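Asker: Residue-level listing of the chains:
Number of protein chains: 2
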Amino acid sequence: MSEAQTELLRIGQVSDHSQLPVKTIRFYEERGLIQTAKRTSGGFRLFTPSVLSRLSFIRRSQALGLSLNDIQDILGIADSGQRPCKSVRHKFQEKISEIDERMQQLQQLKEQLQILIAEADEREGLDADYCPIIEHAGESTSS
Amino acid sequence: MSEAQTELLRIGQVSDHSQLPVKTIRFYEERGLIQTAKRTSGGFRLFTPSVLSRLSFIRRSQALGLSLNDIQDILGIADSGQRPCKSVRHKFQEKISEIDERMQQLQQLKEQLQILIAEADEREGLDADYCPIIEHAGESTSS
DNA sequence: ATATACTCTCCAGCCAGCTAGAGATATAAG
DNA sequence: CTTATATCTCTAGCTGGCTGGAGAGTATAT
Numbered sequence: 001m002s003e004a005q006t007e008l009l010r011i012g013q014v015s016d017h018s019q020l021p022v023k024t025i026r027f028y029e030e031r032g033l034i035q036t037a038k039r040t041s042g043g044f045r046l047f048t049p050s051v052l053s054r055l056s057f058i059r060r061s062q063a064l065g066l067s068l069n070d071i072q073d074i075l076g077i078a079d080s081g082q083r084p085c086k087s088v089r090h091k092f093q094e095k096i097s098e099i100d101e102r103m104q105q106l107q108q109l110k111e112q113l114q115i116l117i118a119e120a121d122e123r124e125g126l127d128a129d130y131c132p133i134i135e136h137a138g139e140s141t142s143s
Numbered sequence: 001m002s003e004a005q006t007e008l009l010r011i012g013q014v015s016d017h018s019q020l021p022v023k024t025i026r027f028y029e030e031r032g033l034i035q036t037a038k039r040t041s042g043g044f045r046l047f048t049p050s051v052l053s054r055l056s057f058i059r060r061s062q063a064l065g066l067s068l069n070d071i072q073d074i075l076g077i078a079d080s081g082q083r084p085c086k087s088v089r090h091k092f093q094e095k096i097s098e099i100d101e102r103m104q105q106l107q108q109l110k111e112q113l114q115i116l117i118a119e120a121d122e123r124e125g126l127d128a129d130y131c132p133i134i135e136h137a138g139e140s141t142s143s
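Residue numbers (the numbering used here), protein chains in the order written: chain A, 1 to 143; chain B, 1 to 143.
Do not take every clue at face value.
Given that identical chains are not distinguished, each listed pair holds provided it fits within a single copy or across any two copies.
[Said to hold, decoys possible] For lysine-lysine, the following PhoX-like pairs were computed, each having C-alpha atoms within a straight-line distance of at most 25 Å: (1) 23 to 95; (2) 110 to 23; (3) 38 to 110; (4) 86 to 38; (5) 23 to 86; (6) 95 to 110; (7) 38 to 95; (8) 110 to 86; (9) 23 to 38.
In case anyone wonders, no lab produced these hints; they're calculated from the structure. Treat the numbers as computed from the prediction; the structure is a model and nothing was measured.
Work out the full structure, taking the sequences as your base and the hints as a guide.
Answerer: What follows is the structure, encoded as structure tokens:
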């Protein structure tokens with residue numbers, strides 16, 4: 001009967017279980033991504049074990065490419081009650097669009113780089129000191 | 001005959017021609033990406049017109065996904081004389097590899113997101129308050 | 001009581017690539 | 001000469017996601 005809640009975790013224990021640095025956990029709490037259940041009389045943070053799945057969700061979402069802001073939005077909706085799932089799906093859809101966009105950009109960049117390399121290769125034999133990539137840089141800056 | 005070099009440009013003119021903010025040009029100079037030809041007696045920067053193609057090269061390379069560090073390396077080699085083209089090609093090849101890697105990552109993320117969305121969709125009808133994305137977050141954090 | 005480990009807050013800095021503002025001086029035009 | 005504009009240096013901030021250290025206090029085991 002000595003402790004009413006053996007369940008509450010101090011930050012170090014949360015760190016151990018979540019594999020996250022103590023600093024990061026504090027940082028998340030400051031940012032509002034997670035909450036403490038309460039504090040000890042001395043001021044130590046005490047978390048319910050549910051913080052672990054929350055942290056897990058945060059890391060998984062991060063790994064999936066969501067920013068902490070995105071995640072905070074989602075968790076905020078989740079906390080406020082109804083049907084976070086809808087907004088989660090929405091966020092994820094958005095992210096997918098962003099990913100598609102980014103991949104297209106990257107594809108373009110890649111093609112451009114390849115063109116430039118090919119040009120350089122062509123020139124190479126003829127004119128070893130001329131570098132088309134650098135030299136004719138004058139034109140297409142802004143457009 | 002009044003001016004020996006009409007050719008030298010002040011920073012504002014460079015800004016006009018390059019479409020880059022004055023601040024950015026100063027910033028590039030501080031970073032060593034470009035150099036001033038000299039200064040006026042009053043301390044105004046004076047650039048040779050060649051700085052324009054250099055800036056153009058910088059921006060083009062940036063648009064192609066190179067970092068300022070990358071660009072600085074390339075320009076450093078170019079400045080030091082021999083055959084920058086080789087190292088430029090090398091950098092570009094490297095960047096292409098990075099792009100490929102990044103695209104693979106993105107593809108994976110996208111697939112994961114799609115899986116999660118699909119899961120959520122399945123559950124949706126059955127159990128409107130259950131969000132698989134959030135709820136069963138407990139497992140695969142670190143691995 | 002004390003040694004040890006844990007935790008607290010606050011402040012600072014890192015990466016990149018700028019951007020903003022203050023306050024001083026330079027130059028060009030009239 | 002005056003005024004307007006351009007430029008100077010210096011300091012500081014922004015975004016995102018932490019990370020590090022100082023210095024002080026707390027909890028626990030013996």
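Asker: I want to check one pair: residue 86 and residue 38. Are their C-alpha atoms no more than 25 Å apart within a copy, between two copies, both, or neither?
Answerer: neither (31 Å within a copy, 61 Å between copies)
Asker: I want to check one pair: residue 110 and residue 86. Are their C-alpha atoms no more than 25 Å apart within a copy, between two copies, both, or neither?
Answerer: So residue 110 and residue 86 pass the 25 Å test across copies only (18 Å; inside, 36 Å).
Asker: Pop the pair residue 23 and residue 38 into one bin, within, between, both or neither, using alpha-carbon distances up to 25 Å.
Answerer: Cα proximity of residue 23 and residue 38: one copy only (18 Å, versus 49 Å across).
Asker: For residue 23 and residue 95, with the copy left unspecified, which applies at a CA distance of at most 25 Å: within, between, both, or neither?
Answerer: neither (28 Å within a copy, 34 Å between copies)
Asker: If the cut is 25 Å between Cα atoms, do residue 110 and residue 23 qualify within a copy, between copies, both or neither?
Answerer: Neither: 38 Å inside a chain and 30 Å across chains, both beyond 25 Å.
Asker: Indicate which option fits the pair residue 38, residue 110 if close means a Cα-Cα distance not exceeding 25 Å: within, between, both or neither.
Answerer: For residue 38 and residue 110, the Cα distance exceeds 25 Å both inside one copy (52 Å) and across copies (38 Å).
Asker: Within a copy, between copies, both or neither: where do residue 38 and residue 95 come within 25 Å Cα-Cα?
Answerer: neither (35 Å within a copy, 49 Å between copies)
Asker: Between copies, within a copy, both or neither: which fits residue 95 and residue 110 at Cα up to 25 Å?
Answerer: both (22 Å within a copy, 8 Å between copies)
Asker: Which holds for residue 23 with residue 86 at a C-alpha limit of 25 Å: within a copy, between copies, both or neither?
Answerer: neither (32 Å within a copy, 45 Å between copies)
Of the hints listed earlier, those the structure fails to meet are numbers 1, 2, 3, 4, 5, 7, in rising order.
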